[in-house]
Each structure stands twice: as structure tokens, then as C-alpha cells.
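Peer 1: Protein sequences, first through last, are from chains A and B.
Under the numbering used here, the first residue of the first sequence is numbered 597, with each subsequent residue one higher.
Under the numbering used here, the first residue of the second sequence is numbered 21, with each subsequent residue one higher.
Derived DSS-like pairs: lysine-lysine, alpha-carbon spacing no greater than 30 Å straight-line: (1) K729(A) x K113(B); (2) K27(B) x K650(A); (3) K636(A) x K113(B).
Now the stretches of chain A that chain B is said to cover, found in silico as 3 or more residues with beta-carbon under 8 Å: (4) 627–635; (5) 665–677; (6) 695–708; (7) 720–729; (8) 732–740.
Don't read these hints as lab results, they were simulated from the structure.
Where a beta carbon is used, it is the ideal one built from N, C-alpha and C, also for glycine.
For reference, the chains in residue letters:
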Amino acid sequence: MKTMKTKKVAVMGLAVALAMILSFVESQIPPLFPMIPGIKMGLANIAVVFVLYKLGWKEAVTISLLRVFLVTLLFGNIGLLWYSLAGAVLSLAGMIALKKTGLFSEIAVSVVGGVLHNAGQIAVACILFETDKLLYYLPFLMISGTLAGVAIGLLAGILIKRIRVEV
Amino acid sequence: MKEADNKKKRLLDLMLIGGVLILAAVLLLVFVLNRRGEANPSGGACAVVRIDGEEAARYPMSKNGNFPLNGGTNTLVIENGYAWMTDSECPDKICEHMGKIHMNGQLIVCLPNGVIVTVEGGEDSGVDIFG
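For reference, chain A alone in the conformation it holds in the complex (with noise of 0.2 Å):
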């Protein structure tokens, strides 16, 4: 096994600690649309498209999951940790997927990131529940997912700009 640097180890340190940050924060705003669960602004992602940019996608992958299980254990929901680690990883295939291609910039990965995270939870949904009656929340946030990831993905890009991280 590779040794990790030691500048590295610090750096992901620092954006699992702004990931969880972030979504103690959101967990702290009511809900601005509270008929429909699930709509909300994905601040974490910042930090995950911002790894996935600076360092790579294995870390990005590493940043995100510990933050699930470290959200989830410390002032998350136990029982809604099936629809975090779904929405988790599927947002990050999504991701991962579309910046290999090279096509589109940070804005459309986090996009992808957010509707596909959506997406995951109410896949989870439909399975444990075992109706499809949730399907119905999908277009809704599909619609709020975008408009959150493209507010991610343009705060996620200046961070990927102004900030220099060398590993």
C-alpha cells in the first residue's frame, strides 16, 4: 500500500471537517418546502466536489462516506443512514462519471451530484416502504436538486479556482 503524504492527510482531514460543518449547518435551516421531504441545498457536496476537483475521485469517495457515518453517528438519524449512504453513492458515480468525460465543468458534476442523490434516497424509499407511490416526490426534486447543485457547483468552482492545494 502506498504511504499517503502527509500534506494529504491534512487536506482530506480539513474537508471531512468542512463537510460535516456544513451539514450540521443545513440540518439547522428548516426546511423551506416542508410538504416535500428531501428538498434541500446539498452544502456538503462543496466539499466533496472541491476533493473530487483538487485531489481525485478515490478521495472524494473516502470524504464523502466518512461523512455519512460521521454525520449520521453524531447528530444524524440512524435510521435514515441507508437513504445518506444510497444518496451518497450514487451522487458520487454520478459525479465521477461525468467529470471523466471532460465535457462539463463543475456546475453540471455537482448538478448530476445533487439529482442523483435525490434519486438514490427515494430509490431506498421505494424499496423499504415497497411502493412506488414516492416516485412522486422525483420530479420535484429533481427540479429543486438542479437548483441547488448549480448553486453548489458554481460556489464549489471559485473554491476549486481561489484555492491552491498541492499534494
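Position chain B against the provided structure of chain A, taking the given hints into account.
Peer 2: What follows is chain B alone, placed relative to chain A:
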């Protein structure tokens, strides 16, 4: 793969975002059309409670009352033809904020406790599928 230049990326970004939004609109249209085609059985509307996918209970919307669900993790209130959730044990209380439902297909979901409440056999909501 070769990186596209920034201008081209912006254009492809916009196309992708547009594509996602169009897909959302199409799905919405399909759901609305499906909903309209559904038969509306006569007889009073019911609040149907499903726990982990299994139908657990059915309460007529015409009868007022408080009903503990799922061994008391949530309480369903029915009053004057509207149903809503109170007293969820979970920390998020998302289901309590989902509002009052009364039209066909509207739902209240409590993910952590695995509870879904839907209205069946009620009034159709017309265009907006969430009423």
C-alpha cells in the same frame, strides 16, 4: 479524455441542466395524467397507514380521532376530513411539518419509523398532484 474548453463546457452544462429539467417536467406530466386516469371509488375517503410497506390500518376520513401508529411512534390525527401527523418520536419531525392531507394520493411519510399515510378513495386533486 481531452478536456473541452470552457465555452463548450458551459454550453454542455446548460444542455445537461435543461435535459434534467425537461425530464422532470415529463415525469410530472406522466404522473398527473396517470393520476387523472385512476378510478375514484365511491364511498368515503380513507387514510391508509402502511408500516414498512404492509398495510397496517385504514381510518375513515369522516371520523374525527387520534390514532397511535406503529406502537406509538407516531400519532395520526383526523379532523373534519383532514389527516395529519403529530408526535413523531424521531428528532427531525419532518412528517409533522408535511401538513394536512385530504385528497387522493397525498401522503405523509415518516422515513425513520417506516410509516406512510396516504388518502385513498377521496376527492381528486385536479392538476397539482399534491393539492
